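2 protein chains.
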Amino acid sequence: MTPAFEALQKELKRLPGVGFRSAERMAIFLLLERPEVAVELSQAISSARERVRRCELCGNVCEEKYCSICEDERRAETGSLCVVEHVSDLMALEKSGAFRGRYHVLHGKLSPINGVGPERLNLAGLKERIEKESITEIILALPNDVEGEATCHYIIDLIASDEVEVSRIGFGLPSGASVLYADSVTLKSALEARKRF
Amino acid sequence: MTPAFEALQKELKRLPGVGFRSAERMAIFLLLERPEVAVELSQAISSARERVRRCELCGNVCEEKYCSICEDERRAETGSLCVVEHVSDLMALEKSGAFRGRYHVLHGKLSPINGVGPERLNLAGLKERIEKESITEIILALPNDVEGEATCHYIIDLIASDEVEVSRIGFGLPSGASVLYADSVTLKSALEARKRF
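Chains as they are written, first to last, in the working numbering: chain R, 99 to 295; chain S, 99 to 295.
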């Protein structure tokens with residue numbers, strides 16, 4: 099409605115998952131309804147931009163040289179390294195409490211169609227880490243899609259010479275799901291991943 | 099994961115329609131993926147906070163004393179005034195192009211349960227506007243719920259003495275909807291709002 103309002107709406111629309119209407123709603127909220135949130139959000143952005151950076155070892159967010167997971171010696175002792183696409187995947191796995199080793203965040207997956215080659219991913223330090231940190235097991239927790247598959251194969255080739263066990267997380271029906279509502283690709287994965295009793 | 103990251107996530111979560119996971123995704127996007135968006139978003143917030151304010155006549159967003167709708171003489175000539183709950187409702191009506199008069203934004207609706215009485219709404223100037231601007235028709239475009247209903251009745255009582263035609267927008271099946279999937283309250287409204295051929 100006004101140039102400054104539209105500029106704010108346009109910026110909010112750039113956030114992931116935010117469309118035109120949500121951005122309008124957020125702009126009204128920030129300008130008319132809760133102006134104090136606008137101030138505090140601006141401050142949080144500045145403060146986080148100054149402090150938050152990538153862990154030099156794994157690529158997770160941190161405020162020092164290394165993140166709290168890499169600093170945790172008990173994590174190192176497991177000899178397990180879980181490779182994920184994004185920091186958000188790492189956070190989801192941490193919330194599940196199902197993995198207690200270290201992580202390696204690629205910040206993407208191979209996608210030749212979108213011009214994402216290996217040089218765009220955080221792969222440079224991976225081979226070195228396996229040796230330096232005496233990694234004995236690598237778990238590839240990458241997406242169940244073509245790019246995820248390609249990235250897995252690239253990593254397997256990359257670390258071929260190392261004495262390390264490599265696995266990929268299981269695919270199939272998610273918790274609580276029924277066969278009836280599962281899509282065909284999931285059902286195909288689930289059949290291929292069947293386990294004998 | 100880090101204090102500054104969590105503080106940013108918490109602030110983003112305060113935005114309307116943003117949950118814990120979306121806020122996490124946005125924080126990662128702003129800090130790791132597109133840091134330039136963080137800078138530009140901060141600037142847009144500051145700039146909009148400085149420039150955008152409420153129109154002194156109708157409550158819409160503007161950068162001067164009055165908004166572009168109130169400044170438009172052709173709008174005033176219609177003698178029509180549309181009362182809406184929020185600026186976003188005004189924007190939706192403007193996009194539809196179905197109304198060419200002026201607006202009055204309440205910035206809320208009566209809700210005794212939530213402690214919202216008439217004094218919390220932008221009602222003070224309404225009676226005065228009707229006289230000053232020679233309003234002949236008031237259209238109440240308020241929500242189809244109990245609070246919307248109560249707000250309509252309050253406004254009708256408020257302007258009872260004025261020689262002005264008051265109506266409320268129609269309720270019923272939205273465009274493209276079928277009876278099968280409509281909820282009971284909508285069907286009740288639609289039956290009550292039936293029109294003879």
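These are computed hints drawn from the structure, not numbers from a lab. Since we're looking at a predicted model, the values are computed, not measured. Please note that the accuracy of each hint is not assured.
Identical copies go unnamed one by one, so any copy, or any two together, can satisfy a pair.
[Unchecked claim] Below, computed lysine-lysine pairings styled on BS3-like, alpha-carbon distance capped at 27 angstroms:
{"hint": "1", "residue 1": "K163", "residue 2": "K230"}
{"hint": "2", "residue 1": "K108", "residue 2": "K193"}
{"hint": "3", "residue 1": "K225", "residue 2": "K293"}
{"hint": "4", "residue 1": "K163", "residue 2": "K286"}
{"hint": "5", "residue 1": "K163", "residue 2": "K193"}
{"hint": "6", "residue 1": "K108", "residue 2": "K163"}
{"hint": "7", "residue 1": "K163", "residue 2": "K225"}
{"hint": "8", "residue 1": "K230", "residue 2": "K111"}
{"hint": "9", "residue 1": "K286", "residue 2": "K230"}
{"hint": "10", "residue 1": "K108", "residue 2": "K293"}
{"hint": "11", "residue 1": "K111", "residue 2": "K225"}
{"hint": "12", "residue 1": "K230", "residue 2": "K293"}
{"hint": "13", "residue 1": "K111", "residue 2": "K286"}
{"hint": "14", "residue 1": "K230", "residue 2": "K108"}
{"hint": "15", "residue 1": "K293", "residue 2": "K163"}
Do the hints match the structure? See the list:
1. K163 to K230: within (17 angstroms within a copy, 66 angstroms between copies)
2. K108 to K193: Cα proximity of K108 and K193: across copies only (17 angstroms, versus 33 angstroms in one copy).
3. K225 to K293: Classified as neither: same-chain Cα gap 32 angstroms, cross-chain 74 angstroms, threshold 27 angstroms.
4. K163 to K286: Classified as neither; 43 angstroms inside a copy, 63 angstroms across copies.
5. K163 to K193: within (23 angstroms within a copy, 50 angstroms between copies)
6. K108 to K163: Intra 34 angstroms, inter 24 angstroms, cutoff 27 angstroms: inter-copy only.
7. K163 to K225: Intra 20 angstroms, inter 63 angstroms, cutoff 27 angstroms: intra-copy only.
8. K230 to K111: neither (43 angstroms within a copy, 39 angstroms between copies)
9. K286 to K230: Answer is neither; intra-copy 39 angstroms and inter-copy 71 angstroms both fail.
10. K108 to K293: neither (50 angstroms within a copy, 42 angstroms between copies)
11. K111 to K225: Close neither inside one copy (39 angstroms) nor across copies (38 angstroms); limit 27 angstroms.
12. K230 to K293: Neither. Shortest intra-copy (35 angstroms) and inter-copy (79 angstroms) distances fail the 27 angstroms Cα cut-off.
13. K111 to K286: neither (36 angstroms within a copy, 37 angstroms between copies)
14. K230 to K108: neither (46 angstroms within a copy, 37 angstroms between copies)
15. K293 to K163: The answer is neither: 43 angstroms in one copy and 71 angstroms across copies each exceed 27 angstroms.
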